[in-house]
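Protein chains: 2
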Amino acid sequence: MKNMVYIQSGGPTSVINTSFYGALKEAMRHPDKIDGIYGSLNGIEGMIDDKLIDIRKEDPEQIELLLQTPGSILGTTRRKLPKDINDPLYEKVLNTIKKREIKYIFINGGNDSMDTCSKISTLCREKGLDVIVVGVPKTIDNDLACTDHSLGFPSAAKFIINTINALSMDACCFKVGKVHICEIMGRNAGWLTACADLLPEETRPHLFYIPEVPFDVEKFLVDVERVYKEKGYVMVCISEGIDFERANKNSRVDGFGHRQLGGAAAGLCEIVERRLDLPTRGVEFSLTQRACPLAISKVDREEAIKTGEIAVQAALRGETGKMVIFKRVSQNPYKIEYELADVSLVANAESKIKPEMIVDATRMSDSFREYIAPLIEGEVQLVTKHGIATMANFKKVMVR
Amino acid sequence: MKNMVYIQSGGPTSVINTSFYGALKEAMRHPDKIDGIYGSLNGIEGMIDDKLIDIRKEDPEQIELLLQTPGSILGTTRRKLPKDINDPLYEKVLNTIKKREIKYIFINGGNDSMDTCSKISTLCREKGLDVIVVGVPKTIDNDLACTDHSLGFPSAAKFIINTINALSMDACCFKVGKVHICEIMGRNAGWLTACADLLPEETRPHLFYIPEVPFDVEKFLVDVERVYKEKGYVMVCISEGIDFERANKNSRVDGFGHRQLGGAAAGLCEIVERRLDLPTRGVEFSLTQRACPLAISKVDREEAIKTGEIAVQAALRGETGKMVIFKRVSQNPYKIEYELADVSLVANAESKIKPEMIVDATRMSDSFREYIAPLIEGEVQLVTKHGIATMANFKKVMVR
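In order, the protein sequences belong to chains A and B.
At position 58 of the first sequence (counting the first as 1) the number is 58 in the working numbering, and the numbers step up by one without a gap.
At position 348 of the second sequence (counting the first as 1) the number is 348 in the working numbering, and the numbers step up by one without a gap.
Worth flagging that the hints you see were computed from the coordinates, not collected in a lab.
Please note that the accuracy of each hint is not assured.
[Unchecked claim] Examples of chain B residues toward chain A, derived with CB under 8 Å:
#, residue
1, Asn42
2, Cys173
3, Glu377
A quick note: this is a predicted structure, and the numbers were derived from the prediction, not measured.
C-beta: ideal position from N, C-alpha, C; glycine also.
Bound conformation, chain A alone (with noise of 0.2 Å):
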């Protein structure tokens, strides 16, 4: 028996089951070299507990609509793994692996997802394991490194550009206009809160504040000031990653700063309101853009099912500890190679927007838009049944 089991482990994002779907429909290709294919429940979680389910008691019609299917479908865990290989928790990973006989790991997450591939890459080589494990990239942050971009970044990219394109056609149109604020995902990177600057210029966001440049909340209200006077009503994009505590502190604005609930648009909201006395609307872009199917990329769609087969031929191949990667080769037409990089190289590393693509806050260099151009191309047709995407729903038989 020579049994694979799949992982889906961090934040989902409108593509995570994609990648599943292509790895699992490449797996059904080899019944020669692969028996079971089985997926872990909540991410590492279900190695630890013995909880994996067996996919190919799994309807074929469900399967397909994971294409289409936001959410991890395996379910997810942000866990932690120990640093040290001898935890007792090791144990009833290798029971697992033991147990169910299993020959290749699949594990499709961000950094630290491919933190927990290089550590049970490491455990089955140290303990003299015959076991192969493999990375899958995703992030919407995109802040992966070793990698021309992450899955699931386009499609919220995607979602976020299309999204501000219609709020700067609403916001434009009051007499008397507003300072909106966008708050948008990306932890450290600020790659999702500028991909905005590839809309044309009658909806292009006035004001760019990202985790890359310090963030400075005099100059932003002093850019705030200077944009409404000018147009009237202000679009600001501003990452959830900047130094909003700063801000805070350099405000002096006491009894202030709920970030967990109202976030840092709602912050700087309150701090435009106080100090410039103009109207304002915070918009919090929140689960919606990893999660809404609506403007799934097409270029991301495909990749995505490309580099779930690429995982598994790769681990066919005897290829252990290294994540699927992308290179592009060519810019115009758009290319990109799949290639494998070392996980532990993308651990422990963080890709930010690089110092030369940052114009200042009201633009990024043209090298940021042609970088991000290729990867929203393309829409794709979600499954309806009146009116309503179908979202594909596993039975979830468990393996015994």
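Following the hints, position chain B against chain A.
Same frame as chain A, now just chain B:
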């Protein structure tokens, strides 16, 4: 000269320019009866300040793009007109009507805008002007009286339903789930909040709190705790219009209630965290729900075009002081007829969810679902350029 002027008023929707499209295309079919086709900039403000643009000068290609352009292309206003028709402001409106030889006035909006419609209609009649005033229904809140539903509501509902569908898939995939509180628009009516009840069992929100049912924060906490214990996560839909201040007072939380910033969702998240010690996530759908064109309902689009046409036809027949309304004459297959209602009846009423449509906080009735279902049917394909929906861009040539 018999000229027409079209006025967009109140909060925009994703199809507000679609009914305008229908009206101006119909007007263009009657060059014998309508000479100038004008747009009033920023709602009634354009009539007060004589700021009209000549729609015939716009590029036909841009006019076609109105079908997918959110925000009011002509600009909008929330200005409420004075009661006294002898107010000097009305003199200005009359001057514009006379100077520009306006025969037909179309006012597109919700309750407040129908009040404007009613006042302008009365004004013209009392001043002996042979001017026709016709209302075009619009509001995502769906709270307009006399009509089966309002334009813009179906597309907003479709966006919300599909987004909550995705958020539910995202919410249920963590081992330690959160209490997700989604805050949805609708003022004093819960239509948009309750519409996610149409989702299938797997992604249907667990709890709904709408303005039609008095909000009891203690009952809310009991409900949330019960669902969390059972499911491990909770999806809650709350209307922006629930009596949140009272909730706040009841729960005796001091230094709290920045409604204008974080809104009801943020406030209730804080209460849940303090009282139940459960992790929360507040999601405000904010302006995205009314502007995002990614889920325009085909039914909404078709009805918006038709409504614009019907409004012009009614005006040409000499109907005045009326708003186009929808009467549902058949449920299966869904069929509406277009009729006219006196704008004064519409202006001073509000349509809310009927008591018999509400079962309890966990469920709407079959009649509610049957009412909503046909409205969200059908998808529209957006014209895109490099993955971004193309927005109409008007030259706005002033009428001189």
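Hint validation: B:Glu377 versus chain A, beta carbon distance must be below 8 Å. Holds or violated? Check passed: Cβ of B:Glu377 comes within 5 Å of chain A, closer than 8 Å.
Using Cβ atoms only, decide whether B:Cys173 comes closer than 8 Å to chain A, and label the hint accordingly. holds (4 Å)
Using the nearest Cβ pair, does B:Asn42 come within less than 8 Å of chain A? holds (4 Å)
Violated hints for the displayed structure: none, as all numbered hints are satisfied.
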